[in-house]
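Student: Listed below are the residues making up each chain.
There are 6 protein chains.
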Amino acid sequence: MDKGIKHHQVGEAVDRYLLIKTATKQIASNSKAFLTLILGDHTGEIEAKLWGVSPEDETTFVNKTIVHIQGDVIDYRGRLQLKIASIRPTSPMDGVKINDFVRSAPLSAEEMLDEVNQYIFEIQNPSIQRVTRFLVKKHQQAFIESPAATKNHHEFMGGLAYHVVSMLRIAKSLTQLYPSLDPDLLYAGVILHDLGKVRELSGAIDTTYTLEGKLLGHISIGANEIAEAAKELGIDGEELLILQHLMLSHHGKGEWGSPKAPVIREAEVLHLIDNVDAKINMMDRVLERVEPGEFSERVMALENRSFYKPTFHKKPLDL
Amino acid sequence: MDKGIKHHQVGEAVDRYLLIKTATKQIASNSKAFLTLILGDHTGEIEAKLWGVSPEDETTFVNKTIVHIQGDVIDYRGRLQLKIASIRPTSPMDGVKINDFVRSAPLSAEEMLDEVNQYIFEIQNPSIQRVTRFLVKKHQQAFIESPAATKNHHEFMGGLAYHVVSMLRIAKSLTQLYPSLDPDLLYAGVILHDLGKVRELSGAIDTTYTLEGKLLGHISIGANEIAEAAKELGIDGEELLILQHLMLSHHGKGEWGSPKAPVIREAEVLHLIDNVDAKINMMDRVLERVEPGEFSERVMALENRSFYKPTFHKKPLDL
Amino acid sequence: MDKGIKHHQVGEAVDRYLLIKTATKQIASNSKAFLTLILGDHTGEIEAKLWGVSPEDETTFVNKTIVHIQGDVIDYRGRLQLKIASIRPTSPMDGVKINDFVRSAPLSAEEMLDEVNQYIFEIQNPSIQRVTRFLVKKHQQAFIESPAATKNHHEFMGGLAYHVVSMLRIAKSLTQLYPSLDPDLLYAGVILHDLGKVRELSGAIDTTYTLEGKLLGHISIGANEIAEAAKELGIDGEELLILQHLMLSHHGKGEWGSPKAPVIREAEVLHLIDNVDAKINMMDRVLERVEPGEFSERVMALENRSFYKPTFHKKPLDL
Amino acid sequence: MDKGIKHHQVGEAVDRYLLIKTATKQIASNSKAFLTLILGDHTGEIEAKLWGVSPEDETTFVNKTIVHIQGDVIDYRGRLQLKIASIRPTSPMDGVKINDFVRSAPLSAEEMLDEVNQYIFEIQNPSIQRVTRFLVKKHQQAFIESPAATKNHHEFMGGLAYHVVSMLRIAKSLTQLYPSLDPDLLYAGVILHDLGKVRELSGAIDTTYTLEGKLLGHISIGANEIAEAAKELGIDGEELLILQHLMLSHHGKGEWGSPKAPVIREAEVLHLIDNVDAKINMMDRVLERVEPGEFSERVMALENRSFYKPTFHKKPLDL
Amino acid sequence: MDKGIKHHQVGEAVDRYLLIKTATKQIASNSKAFLTLILGDHTGEIEAKLWGVSPEDETTFVNKTIVHIQGDVIDYRGRLQLKIASIRPTSPMDGVKINDFVRSAPLSAEEMLDEVNQYIFEIQNPSIQRVTRFLVKKHQQAFIESPAATKNHHEFMGGLAYHVVSMLRIAKSLTQLYPSLDPDLLYAGVILHDLGKVRELSGAIDTTYTLEGKLLGHISIGANEIAEAAKELGIDGEELLILQHLMLSHHGKGEWGSPKAPVIREAEVLHLIDNVDAKINMMDRVLERVEPGEFSERVMALENRSFYKPTFHKKPLDL
Amino acid sequence: MDKGIKHHQVGEAVDRYLLIKTATKQIASNSKAFLTLILGDHTGEIEAKLWGVSPEDETTFVNKTIVHIQGDVIDYRGRLQLKIASIRPTSPMDGVKINDFVRSAPLSAEEMLDEVNQYIFEIQNPSIQRVTRFLVKKHQQAFIESPAATKNHHEFMGGLAYHVVSMLRIAKSLTQLYPSLDPDLLYAGVILHDLGKVRELSGAIDTTYTLEGKLLGHISIGANEIAEAAKELGIDGEELLILQHLMLSHHGKGEWGSPKAPVIREAEVLHLIDNVDAKINMMDRVLERVEPGEFSERVMALENRSFYKPTFHKKPLDL
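Protein chains in written order, with full-length UniProt numbering: chain A, 1 to 319; chain B, 1 to 319; chain C, 1 to 319; chain D, 1 to 319; chain E, 1 to 319; chain F, 1 to 319.
Because the hints were derived from the structure by calculation, they are not lab data. As the structure is a computational prediction, the values presented were derived from the model and not from experiment. There's no promise every hint is true.
List of simulated lysine-lysine pairs, DSS-like, C-alpha gap at most 27 Å [said to hold, decoys possible]:
#, chain 1, residue 1, chain 2, residue 2
1, A, K49, C, K32
2, E, K137, F, K231
3, B, K253, B, K151
4, A, K83, C, K49
5, B, K253, C, K214
6, B, K151, B, K315
7, D, K21, D, K49
8, E, K25, E, K6
9, A, K49, E, K83
10, D, K151, D, K214
11, D, K6, F, K25
12, F, K151, C, K253
13, D, K138, D, K214
14, B, K25, F, K83
15, D, K231, A, K214
16, B, K32, F, K83
17, A, K49, E, K49
Given only the sequences and the hints, what does the whole structure look like? Please build it.
Tutor: In structure tokens form, the structure reads like this:
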């Protein structure tokens, strides 16, 4: 019923709950402090300025606070901005909870977990299956909640699991088209490839890199998780080496963060599938609010290209 | 019943028909001329030396001649070589024909053409459908016979059509997984993307680049074919621009031969699918004779990598 | 008598007609709208702010409007700015016309066309001559008016034709110095090489890229124009391939937008001449207002270099 | 007394024991098999051809066999070659053992181990000290015998430990010159940085890469060794992360095999020291037989440079 | 006793002498002129705005003026700023002199010169020693005062000499560890390598590049200084070539400004030592005010990395 | 009358004087020594084998010897080879001299020197003129004889002067087309730019790099020559800096050997002209023996391209 913040137009009045994503204190040219707020709900974000803030305001309107706001949407230098008329923090009486204000995957946690487990079930090599099952179990909660990145693609709650599910579906269709591919390696590789992100990233809201993430990176964390899982399960042999290789090589080459380039057929295919899903996701995200006949903003992670939506393609749903 | 030349081992006697793929005259250290022959059938190739040739021999044992040979397979510096005991050219009496000695696609020409036409049938935008159908019709024979390249991948008779069919199948599964993708653009892009190769390459046997191929390249040839087809069909409008853009951008970036990088979602996906099919094909080809537990030769087109076949994968079928 | 806007110094009063090149609405920190205007005449441009604009102002002071302005030139953060005292739109009564406010080539359209036609006349190969003559005729008006780029070099009315004329003169002197060069190919290559820009760019004022320009680029557009011209004229043969090759390869390599690197002597020389004229033009433009003994601003298109004008070189003419 | 094989000149007779480093079967132009032998002792290597070999010879003169040879040193196309007059395999009666024929570090195993342990003793942070001590103990034998590489630098028995000892000495002098450096981290980083090579390489003679080495690489192996050691010792905390980071980043950047670039001061310095020792070692090796006033052969790993020995530098000792 | 400007916290009152490093006039949105001042003492710098300046102010508060200021330290958009309450220029009566407000090397000029001369004394080759001594003498004053760069590393008074002294100490320890290195070449190379900077840079305060520096660069200037010194001293021979080669190659490769890559062992080592000292200096500078457990700002000259200070390292001294 | 060695076809008898360019001893598979000779005259070169040579032969048939040869031209693995029937060294009685067997510039030394001096005469700035005149005088003989390179372009006697003359002619036409260019700087830059080659290269026959060339390179040598000339002539001032800058920057950027990129208009144009003349010369050389309708061999220095000669271009003169 209620359309989200993403769908408000310039000139519309706003009267709703919003989550403070980030709050940054700045000093205006009149030397008074003000806050730049990034406010969001499950559909998107909008910037707002809170002028002339008191020290008390600074401790009230922080990161991860849900507030109630009245105001108008204005156009400031070509970007939408929310002009605040009134703002108040919420209490339990408001009956609002943080998860309702966070973007999340189009599938539920249960659906995604079921689907991943179905693929694990199809893995026939017992060593590969056991390591994969063990690690998904071990990190189940984080696996199902974590985003796949801090920005660019799948940067929402459940993004990691959703990225894995999408890749598994591509993997399945490729194993049907190319009988030379080993589904065991490909499924296990897909399911595990970004698992290190549950330790590299700080969680689903206001996601940042952990110290471990910055010093080791999800690829090395993930390779180590596999080694430890195998030790705990008493599994050894070439399967173990190859699972680690799939993990280490999935970024394709050194410049992109992989200490080893893929030298197993399924490792190369894992890298290609990762690319396909990430790139389609990035383009979808940037094109979803572009009108037919227009170009999108530039996408840094896609060589800074701006994408065109043909005039004979559909208008975005909610415009 | 009769295994092909690829399956002969060192020490085996050979008594069979073979096609001369290339014949190169050289001078031995005793100042006598000899020929280095690359002999092949539908399964592969082997090198042979024909020592002490007369001028008459030089004009008899040329390129695209079928010969009957007796001899032995030997190991020369780590590579197989056919030591010729006797050799004779064939006559119509032998009842052998050149097409039986050439590697070709695993699907028949009819099967491939049917499948491509089925996809054309599914294209709903009439401009896109008509241009695609027109060009496949116009070049039908060459399209069905041409290799997709002179080396690296799909370098066999029918390789171009087979490459297209494989890509269409991936395209279909991606359009099912990602509803944002426009199947019309993707199918048309896949079918047309390498069509310029029918003028860039010299045909199915002993394939080389034509002068036009060297001066213009299949990408520019293809874009021009689309423009001419549209003119002939009286088609104009954005569809035409976009079909040409799909053609021009399918190598992804300037360094790889595309004068424009993809700026349409389906153009980027076309490039990604092309990559997936080409790379899997290259890996399959190089791994198909590698024993489990061994590394392949290096593959120049895959960053000079050598690929490993896990010990728990199957042995090649014919070893 | 009347010096242009480029020659006004800080502190001088301004009372003159100027063309609005671009008008951009912004919001000041007091939440009021203002316009940032780029105002120009045939000598150059200056920025101005129009504060506190009404909705009516926004529709009056737009792109391509000639206005009459009174004000002062000030220095704002190291750059000249025009401080507006009064501004009014013009009517036919003012007797001013847009072409007088646009930078244009130092030669007249007729002079340039005459010179180009003289070179076409000197081409001896009939196929090459006919295609060249046909295309110049077909696009004559646009060819004579179009800039050669949106920025960097020859970005003024008639810039394309002027760039061609300058290159033809270099080409002529090189064919005299190097008898191995074929003047026919070189002249035709020079005349046609940027012709695709008449469809890639939107025209002489407020030049932008067309959709066709963004999706195909002037190189592919140009190659297609040659192919169509040849078809219409019934011309075939190697000349046609080579003219297209000259077009496709004139940026020198893939990274610079050419799908083929030059493999014809004259194609390489065409690329070199294009480079020489473009680079000298860029340096002239940036150095023309630099005082002897000073460095210019940085030039992005020349590897971000800043150029030095020796103290023993002449002062700019109008300082 | 007895000079090594490296010091024989063209024309000298040879009558000595030598180790077959590699033996490769080839076929001569007369179709007879011959062996190309790389023969060596502790000073260097020389090539020899063994003509007309029988099948029995092929199984006798293999890899890692010590043979007794009589013959002459000749010059073959600018390189020294040993022309074999007689050759026989050795028996226990000959009283020769393989280690005497292998190049090894200039320090004894005991000396190197003592020095490394002394540095471990100086590490004051208990977590860092314990992990370092544990891993050196765990792999002590391999650590003391392994080369540091298969070629380029420190490619001899004990090369790994010798490389570590040299780097420790540089590290010590740098910590004295730059008080900001933490000796604990630097010493531990130096001692552990290449430890993964004990699993990446196959050992001291005829060194090759193991499967694990090819699929994971010594950097990832080493990071995993640290993680496991810490687990076994019950050590956690930031020291553990940082030791792993030192390991992961010591090649400096992605293109050179490090999944993370150094972001700790000591990690950057570790990378720099590794570079200094490796490069000096490479230059020493290539210059050690160059006459003053001459240029060396090209060194691939040093950007293919050829190094010059000044005329006022000393002649090589054994010329 | 009196802590420097670098150590003032937000909210602290400031009442002290400071040097104007740079003064830049700007226009505020109310059209009034203001000055942005970079104020500094020997410990660091802080930005301040001087609002509403008169033309007289503009000529008073310029570059290299010592002023007395009262005000407060505030936080402006995350950076410290000095809010000026009162400001006045100083007169001789204030008894302050410019050198007290400039960062300088941790060793005195005499100490550094003594140490350099001691190394010159140790050079045994007379040609090398005489050229080195001559050039240090010739440029002694500038050598002892010049910074080593305008930013990044050793960018303070005496920075050049301090950089040389640090490198000499590393050079000494390397010649002890690696007997193959020639101390004469290494010491002379270190002492002379950046000498051209005395002509490339404008001096110790507000350092900029000279015209000669911009057109020729310190490497070519230095090589020419050596050639002229040798001529004046009547020195010829290979030593001269090699000293020039050390100079020309010390940046390691073309992209980094060296017209020749090192092809002498000591030239390569000179380049490596230069790197080690510069990088440690850059990291020290950026980490010196970072709290344990925090990351530094990004360092452009170190591939834009941000460095981490471990929690178990010491707090900065003056926090 | 007598056609040169370049014009002999396979099968023709040869009976003429030839110069031994290089003589390399090798060992045949029968263990006998033979010489590989590169024989040449003023038109080109041909390879020959001299089998079964005695030690005396080895000292007779060396580098820079003129021999009389009888034999036949044969085709060996696709390349022409001279099969020697008889060979003898020449004596003064033969009346042949070495200069007749060396390729040289198409203009005489006098013509070239006159033309260069004419351009020097046109230089109006006295400082620039005097330095230029002084250096041409100082190295006049070497300047007139030296090749411009050891391979690739202008690699013949007088090549350096011829390269300069060609560039001067281009420079003259550019200064006529672009009045902004300063002819003084451009002419002096052209004349001096490669002068360092008289010390970098060993002379006109069997040209190699000198030690000075390898350690310093012609760019630094040349900059130093200018500095010394100016000192000797008592010339100072900006002209001197700029002449050195023209020298240092004429390769365009660091990767190509210039320690400074051009930052003077004429320096950039000098680099462009150098490029134009060198590239046209390389293409002319490689195309001069290519038949119309054929591709040339690949040219390493032109990005490994193979060039096409159109069918409508002329056949090479002497085929």
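Student: Given the proposed pairing of K253 (chain B) with K151 (chain B), does the C-alpha separation stay at or below 27 Å?
Tutor: 21 Å, holds
Student: Regarding the pair K83 (chain A) and K49 (chain C), is the alpha-carbon distance no greater than 27 Å?
Tutor: 24 Å, holds
Student: Would you mind confirming whether the straight-line C-alpha gap from K231 (chain D) to K214 (chain A) stays at or under 27 Å?
Tutor: Distance of about 21 Å is within 27 Å: holds.
Student: Does K214 (chain D) lie within 27 Å of K138 (chain D) when you go C-alpha to C-alpha?
Tutor: Holds, at roughly 22 Å.
Student: Hint check: K6 (chain D) vs K25 (chain F), CA-CA at most 27 Å. Holds or violated?
Tutor: 23 Å, holds
Student: Given the hint that K49 (chain A) pairs with K49 (chain E), does the C-alpha gap stay at or below 27 Å?
Tutor: 24 Å, holds
Student: For K253 (chain B) and K214 (chain C), compute the direct alpha-carbon distance and say whether it is at most 27 Å.
Tutor: 14 Å, holds
Student: Decide if the proposed pair is consistent with the structure: K32 (chain B) and K83 (chain F), CA atoms, cutoff 27 Å inclusive.
Tutor: 13 Å, holds
Student: Starting from K49 (chain A), check that the Cα of K83 (chain E) is at most 27 Å away, please.
Tutor: Distance ~24 Å between K49 (chain A) and K83 (chain E) Cα, so the pair holds.
Student: Can you confirm whether the C-alpha distance between K137 (chain E) and K231 (chain F) stays at or below 27 Å?
Tutor: 21 Å, holds
Student: Is K21 (chain D) within 27 Å of K49 (chain D), Cα to Cα?
Tutor: It holds: about 13 Å lies between the C-alpha atoms, which stays within 27 Å.
Student: Can the restraint linking K49 (chain A) and K32 (chain C) be considered satisfied, given a maximum Cα separation of 27 Å?
Tutor: It holds: about 15 Å lies between the C-alpha atoms, which stays within 27 Å.
Checked against the numbered hints given earlier, the structure satisfies every one of them.
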